[in-house]
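**Q** Note that full-length UniProt numbering numbers the sequence shown so that position 159 is 159, with each residue one more than the last.
I should point out that these hints are in silico values taken from the structure, not numbers from a laboratory.
It is possible that part of the hints are untrue.
[What the hints assert, rightly or not] Straight-line alpha carbon distances no greater than 25 Å define the calculated SDA-like cross-link-like pairs of lysine to any residue that follow: (1) 224 <-> 88; (2) 224 <-> 139; (3) 96 <-> 74; (4) 96 <-> 316; (5) 217 <-> 44; (6) 184 <-> 133.
[Claimed, not checked] Each pair of labels, with its calculated beta carbon distance range: (7) 148 <-> 385: 39 to 47 Å; (8) 228 <-> 389: 17 to 25 Å; (9) 232 <-> 375: 43 to 51 Å; (10) 143 <-> 179: 28 to 36 Å.
No residue lacks a Cβ here, since even glycine has one placed at the ideal position from N, Cα and C.
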Amino acid sequence: MNLHEYQGKEILHSFGVEIQRGKVATTPAEAVEAAKQLTEETGTGWHVIKAQVHAGGRGKGGGVKLAKNLQEVEEIAGQIIGMNLITPQTSAEGKKVHQVLIAEDVYYPGDSEPEEFYISVLLNRATGKNMIMYSTEGGMDIETVAEATPHLIFTEEIDPAVGLMPFQARRVAFNLGLSGQAFKQMTKFVSALYKAYINSDSSMFEINPVLKTSDDKIIAVDAKVSIDDNALFRRKEYEAMRDIREENAVEVEAKAVGLSYVDLDGNVGCMVNGAGLAMATMDLIKQAGGEPANFLDVGGTADAERVEIAFNLILKDPNVKAILVNIFGGIVRCDRVAQGIVDAYKNMGTINVPIIVRLQGTNADIAKELIDNSGLDVQSAIEFQEAADKVQAVLA
1 MNLHEYQGKE ILHSFGVEIQ RGKVATTPAE AVEAAKQLTE ETGTGWHVIK
51 AQVHAGGRGK GGGVKLAKNL QEVEEIAGQI IGMNLITPQT SAEGKKVHQV
101 LIAEDVYYPG DSEPEEFYIS VLLNRATGKN MIMYSTEGGM DIETVAEATP
151 HLIFTEEIDP AVGLMPFQAR RVAFNLGLSG QAFKQMTKFV SALYKAYINS
201 DSSMFEINPV LKTSDDKIIA VDAKVSIDDN ALFRRKEYEA MRDIREENAV
251 EVEAKAVGLS YVDLDGNVGC MVNGAGLAMA TMDLIKQAGG EPANFLDVGG
301 TADAERVEIA FNLILKDPNV KAILVNIFGG IVRCDRVAQG IVDAYKNMGT
351 INVPIIVRLQ GTNADIAKEL IDNSGLDVQS AIEFQEAADK VQAVLA
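Based on the sequences and whatever the hints tell you, model everything.
**A** This is the structure:
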């Protein structure tokens, strides 16, 4: 589950991470009031107006601007709220901005020059360890840094059974070229950041940039946070932060009815029982010359009602040119699934895309007869290759 910047900063702050302070506003008038309150609390004279959407690169799309007075705060907030923000990480249509973060100016003059760093904490799946990835090139896309100057990216791997050791936090500060008070502040920052990552059940914390201010404070200017969905049952306070306006509408609908659905960009919808079989089915579609339009696992209870819901979800995608139903009848009998498909088809009326149904396992032969004798425009298959050939034929 992705969070907005202001929500990620709230979590960071709760674990002792220093952050760029700010307040959320949904209208220009609220933005002005937020700016006034922020000035009273922090003394900031300028304010940064930041669009709150689940996408990076907001500044490149005009979603992050500096206001030097209250009139500019109102004008800029009015420009950003309601706009469709297009960034390198959004679709061509962009994402509508519903709220902005009014943040304090932290690039004030002082005894030293401000410096920007990149720091993220995530799981290294190759080693089974947590990893801190960091670079002196803050403020830039980490992909660009990795491609152009890979020697400027450092990693620190942490055994989850041991946790972050003090020498590792010091090594991060050393590799970032810090000394004195800034060095001490960075080691404290890294320790608090790792604590926040572990204790919030997050799958990723990305802070870009982490700022060394002109008076040697270390603060998080941005925060991109993803919470592990599987841990939300014990993190109700974080689950309440979910903004479904930022999520795919069909995926939200599927989740509400207990289906595992991921929207993709292809032309063949697939309905499968079991995640492993779903992955194999997507490979099958690719081999047949198509592109999977979705990942959809209906689970072990593929009755008529569940199948009908699944069909409706798939057909919401206008790019779908065919549907492949691939069910292995182990726990669930194939003939019951076949009857569910027939009943769902009749309930829905005409379905204007070809449907190929491959049923294998318990009572697969009976299931094939049910499909073939239903009188519906549904093609049955038993073998994987047979199903692939029929998909290829309807796409030709």
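**Q** For each hint, tell me whether it holds in the structure or not.
**A** Verification of the supplied hints:
1. Distance hint between residue 224 and residue 88 is fulfilled; the C-alpha atoms sit about 15 Å from each other, no more than 25 Å.
2. Restraint check: the Cα-Cα separation between residue 224 and residue 139 comes to about 13 Å, which is no more than 25 Å; the hinted pair holds.
3. Of the supplied pair hints, the one linking residue 96 and residue 74 holds, its CA atoms being roughly 18 Å apart against a limit of 25 Å.
4. Annotation: proposed proximity of residue 96 to residue 316 holds, straight-line Cα distance about 21 Å (limit 25 Å).
5. Of the supplied pair hints, the one linking residue 217 and residue 44 holds, its CA atoms being roughly 16 Å apart against a limit of 25 Å.
6. About 19 Å separates the Cα atoms of residue 184 and residue 133, which keeps this hinted pair within 25 Å; it holds.
7. Between residue 148 and residue 385 the beta carbons are some 45 Å apart, a value that agrees with the proposed interval 39 to 47 Å.
8. Between residue 228 and residue 389 the Cβ separation comes to about 40 Å, which falls outside the hinted range of 17 to 25 Å.
9. At about 45 Å, the CB distance of residue 232 to residue 375 agrees with the hint of 43 to 51 Å.
10. Distance hint check for residue 143 and residue 179: the Cβ-Cβ separation is about 30 Å, which falls inside the suggested range of 28 to 36 Å.
The structure is inconsistent with hint 8 alone, although it conforms to all the rest.
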